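**Q** Here's the letter readout for the chains.
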Amino acid sequence: MVTTTPPAIEKNRSRRAKNASRPGDRIFSGLSKGSGITLLVIMAAIAAFLTYRTVLAVSKDSTNFFTTFEWNPAGDPPVFGIAVLAFGTIVSSVIAMVIAVPVAIGIALFISHYAPRKLAKPLAYVVDLLAAVPSIIYGLWGAIFLVPYLDGLNQWLDQYLGWTYIFDKSADGVARNLFTVGILLAIMILPIITNVTREVFLQAPKMHEEAALALGATRWEVVRMAVLPFGRSGIISASMLGLGRALGETMAVAVVLSPSFVLSGHLLDPGGGTFAQNIAAKFNEADDYGRDALIASGLVLFVITLLVNGAARWIIARRKEYSGANA
Amino acid sequence: MKLSRNNGLRASAIGALVVSGALLLSACGSDNNTEEPTKGGGTQTSAAASNIKCDGAKGQLLAAGSSAQENAVDLWVKNFQAACSGVEVNYQGIGSGGGITKFNQGQVAFAGSDSALKDEEVAESKKICKGGTGVNLPMVGGPIAIGYKLEGVDNLVLDASTIAKIFDMKITKWNDPVIAKLNPGAKLPDSTIQAFHRSDESGTTQNLGKYLSTAAAADWKYDPKTKSWPAPDGQAANGSSGVAQAVKGAEGSIGYFELSHATANKISTVSINTGASAPVAATSENASKAIAAAKVKGTGNDVALSLDYATKAEGAYPLVLVTYEIACDKGNKAETLPTLKAFLNYAISEEGQKVLTDADYAPMPAEIAAKVRAIVPTLS
Amino acid sequence: MSHAVQDRPVAFAKPRGPLAHARLPRWAPAAVAAGSVAAGTGIGLAAGWHSKVQWGMLSALLFVLATYVVTTKVEGARQAKDRIATSLVWVCFVLAVVPLLSLAWVTVSKGLEVLDGYFLTHSMNGVLEVEAGGGVYHALLGTIEQVAIATLIAAPIGLLTAVYLVEYGTGKLAKAVTFFVDVMTGIPSIVAGLFVLSTWTLMLGFGPSGFAGAMALAILMMPVVVRSTEEMLKLVPNELREASLALGVPKWRTILKVVLPTAIGGITTGVMLAIARITGETAPILLLVFGTKLINPNPFEGAQSSLPLYVYEQYAVGTDAAVARAWAAALVLIAFVMILNLVARGIARWKAPKTGR
Chain A
1 MVTTTPPAIE KNRSRRAKNA SRPGDRIFSG LSKGSGITLL VIMAAIAAFL TYRTVLAVSK
61 DSTNFFTTFE WNPAGDPPVF GIAVLAFGTI VSSVIAMVIA VPVAIGIALF ISHYAPRKLA
121 KPLAYVVDLL AAVPSIIYGL WGAIFLVPYL DGLNQWLDQY LGWTYIFDKS ADGVARNLFT
181 VGILLAIMIL PIITNVTREV FLQAPKMHEE AALALGATRW EVVRMAVLPF GRSGIISASM
241 LGLGRALGET MAVAVVLSPS FVLSGHLLDP GGGTFAQNIA AKFNEADDYG RDALIASGLV
301 LFVITLLVNG AARWIIARRK EYSGANA
Chain B
1 MKLSRNNGLR ASAIGALVVS GALLLSACGS DNNTEEPTKG GGTQTSAAAS NIKCDGAKGQ
61 LLAAGSSAQE NAVDLWVKNF QAACSGVEVN YQGIGSGGGI TKFNQGQVAF AGSDSALKDE
121 EVAESKKICK GGTGVNLPMV GGPIAIGYKL EGVDNLVLDA STIAKIFDMK ITKWNDPVIA
181 KLNPGAKLPD STIQAFHRSD ESGTTQNLGK YLSTAAAADW KYDPKTKSWP APDGQAANGS
241 SGVAQAVKGA EGSIGYFELS HATANKISTV SINTGASAPV AATSENASKA IAAAKVKGTG
301 NDVALSLDYA TKAEGAYPLV LVTYEIACDK GNKAETLPTL KAFLNYAISE EGQKVLTDAD
361 YAPMPAEIAA KVRAIVPTLS
Chain C
1 MSHAVQDRPV AFAKPRGPLA HARLPRWAPA AVAAGSVAAG TGIGLAAGWH SKVQWGMLSA
61 LLFVLATYVV TTKVEGARQA KDRIATSLVW VCFVLAVVPL LSLAWVTVSK GLEVLDGYFL
121 THSMNGVLEV EAGGGVYHAL LGTIEQVAIA TLIAAPIGLL TAVYLVEYGT GKLAKAVTFF
181 VDVMTGIPSI VAGLFVLSTW TLMLGFGPSG FAGAMALAIL MMPVVVRSTE EMLKLVPNEL
241 REASLALGVP KWRTILKVVL PTAIGGITTG VMLAIARITG ETAPILLLVF GTKLINPNPF
301 EGAQSSLPLY VYEQYAVGTD AAVARAWAAA LVLIAFVMIL NLVARGIARW KAPKTGR
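Chains as they are written, first to last, in this note's numbering: chain A, 1 to 327; chain B, 1 to 380; chain C, 1 to 357.
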């Protein structure tokens, strides 16, 4: 047979080519591509603007931006630095994580493995809803209820654990310190970490658990052998989610902390500051240059958050091959 | 498919419900708060509204600045808006420094500041006041109360030097002999004094600094011109109301704020021993006596005052502040100019100044008020 | 074979040795708990501690120790560890539930003091900040308008971007978009607010408005919508798409008529959860809308108020009347967010593919 393409098939091929660029297709793909590009442009604009302003601010700073303990961009010469803010942000977030992650794992285990089944579902629902409570309300509750309550705890810590440097209360004052902020942040990020961790634990392969039980393991041993290793990357990603929220938290810190530009290792002393709280407190009285200085501190916070998120994603990607999920 | 058609109908029904609910919501609110008998403010009714001239005032007027005068401005706004419908005056008490910054950025029509414009700020204002400059118009005065919370001690007496030492953290215990000497017979506990100051830039801080450098020069060596709190240590709070709340909440605490904040939060205030025959309490009459001796140091349209902080006159409370409304003398924004003039006219008018006394503020002395009354109509 | 089975002697006694341990009776944990509470209270009283919380903590500690010792003696070390783990998990639960419940209880009880129909339908016009009265309507309206505008901006862009990433995206542009969406999820809310403040409000000179706040909220909302929609679109089985394409339906119609409707439940849930999240964002609003006491129905011009901002402002005033208003507004805010959440979950369950679970 002569193997020339019959004319009918050629016509189909050209019709297929026409189909691929139908106006509807072009419009729709153009629209969605355009949205992607819009998002890209917005983000690039934000990044460029922040970087440009930061450079403007830091170049005129007469002292080292990273190590100065003062914030006076309106001064002559301008003197400002983020040392106190970085310390406060990191310390309060670390305290929040140290308290929240174990407790969240405990609650997640409780909901997924320990609670009576009838209690578990409504409880999961309630914790889900609690994750949505706005932060200003945590701030309100913290300032009015938690602070007077923690006064007693602070004195107890100072009395019995004052030999550790961090719990030595060297300045008198109400409990408006980084420790209180850390505890409040812990309460705030607890529902988020619990939710994600609970989801992960619920997906632990039931066969492994049942196999362990069949071999005579106690419930804790089942959890320790089958559930926790499986959920390790999930726990880490949940913790990073919570950490991201704690780092950027503005209003609760602004309401509860008594701010001052003092970097002190005594966590029970009132004073200190965080990036977000400093911006909220100072933006009103900041002139153009002052605002640039605040933007510079905001950029530092942004970069820290990015690094935390990136680290989380890297850890999860590394552990992906060991997880049982089809993710 | 049968299912999708039902779902589609249900979905659009819900959507229609939501939209109509939203429209209903946007129509059912009311700005009228005067009808409610049991709730709603009972202090000043709008009897003073009758003489307010609205003169083409309309729209929204934005202002910001000193938190010391926010209760006074709140009262003025209430009366002004009751008299002139369609007008809104919106004042945010973000601190004197913040108000001046926003004024120089063109974000607000006038700023409230407890301290007159500095030279750099005047130069900045020339950019925003096309053809003119920012001028200080004093309209509110008042005592800066030193509020404290100390159980069992109702009438604490302090003098300038002791106040300086307390806020500089040189006197740290309530039963310090210096305090005991000023308060014979008072049961002072052996607790630590918790001193609160402003964390934001404040003209109130500046006035306190000026008072302490004048009346207690040996004990207060910080720059009196700074709006930020100069001394190290101590605890901070945001705004006069923040400091008032902090003092209200902590036993053994002491802080400084305008008297109306002390009254609103039921905080005891210190009487100052000036060397006169008796310690002077923080009241608006006593503050008026101190402000009466103020001298005008501004020129032309600027009525900046210099106060006598070291006064020893009988019954004069020396720790006073005067809040200026800062506007452009020429070059105000045209849309808000009529509202600005009408509001400031009311504020400095006799009725406006009269309501101040009931709110624990001090009205301006007669000559100064007359001077300002002459300037406000000339704003353009 | 059957012989051997039948012939086996059947005289097995009940296994007593290592196959069965002694077990603590069922009432043991309760007894230990009662004992440790009594001991904790006793020691607390003797040591002169007045705080009930300290008694509670001491009792909890004694409970854990006593459980460990008793269980080790009776049942063995492994069981003891198991009981400790159970106690710890229960303690975690109680520890976390107490503050969260306290928060909910306090908000509801204090909020209900001032919350009523008057409060919901009036603004703060003519009411002095330091005294009682007034309402939250202007803030509620402001919040609703700002959130609505933010959703109108963010949801379509987010949705279409997710569609691009899942359906069309291969190559460098898609990678760049994914990367920048990841970066965008990390923007702290205060930084987004500062960005809009510096550019829109000050540099371009538009001044404070509800729209400025809405823009900052949209920036915060977009990456969340993109991520959740992406997840939902990925869950749509490829077979559906291929079947539609095989029938000659063009790609855009496939997406619009097959993929999106399948995923619409999850997408709606994601969008509503994002809305609930930005409703509570105070920081950018604080910087951008200035706040007001009157009702301003125009979000594009003039200062507006917002529920979280209102809560913050009333708390800052500090008098009893103002703080009561703050709680009531907080209750309204929580109720608003909760209703959005519940509706979102309701939609998710309504539209969820019926599985066997």
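No lab work stands behind these hints, which were simulated from the structure alone.
If you're wondering where the values come from, they're calculated on a predicted model, not measured in any experiment.
The beta carbon of each residue, even a glycine, is placed where N, CA and C say it ideally should be.
Among the hints, a few may not be true.
If you want a taste of the chain B side facing chain C, the calculated C-beta under 7 Å gives, among others [claimed, not checked]: (1) C28; (2) D31; (3) N33; (4) K78; (5) T172; (6) N175; (7) A244; (8) Q245.
**Q** Against this structure, judge whether each hint is valid.
**A** So, going through the hints one by one against the coordinates:
With a cut of 7 Å, the hint placing C28/B at the interface with chain C holds, because the nearest CB-to-CB distance is about 6 Å. Because the smallest distance between the Cβ of D31/B and any Cβ of chain C comes to about 4 Å, under 7 Å, the interface hint for this residue holds. Interface hint at N33/B: satisfied, since its Cβ lies 5 Å from the closest Cβ of chain C, which is below the 7 Å cut-off. Among the interface hints, the one on K78/B holds; its C-beta lies about 5 Å from the nearest C-beta in chain C, closer than the 7 Å criterion.
A least Cβ separation of about 26 Å between T172/B and chain C goes past the 7 Å threshold, and the interface hint is therefore violated. Of the supplied interface hints, the one on N175/B is violated, with its beta-carbon coming no nearer than about 25 Å to a beta-carbon of chain C, more than 7 Å. Hint status for A244/B relative to chain C: holds, with the closest Cβ pair at about 6 Å, below 7 Å. Hint status for Q245/B: holds, given a least beta-carbon distance of 4 Å to chain C, under 7 Å.
The earlier numbered hints that this structure contradicts are 5 and 6.
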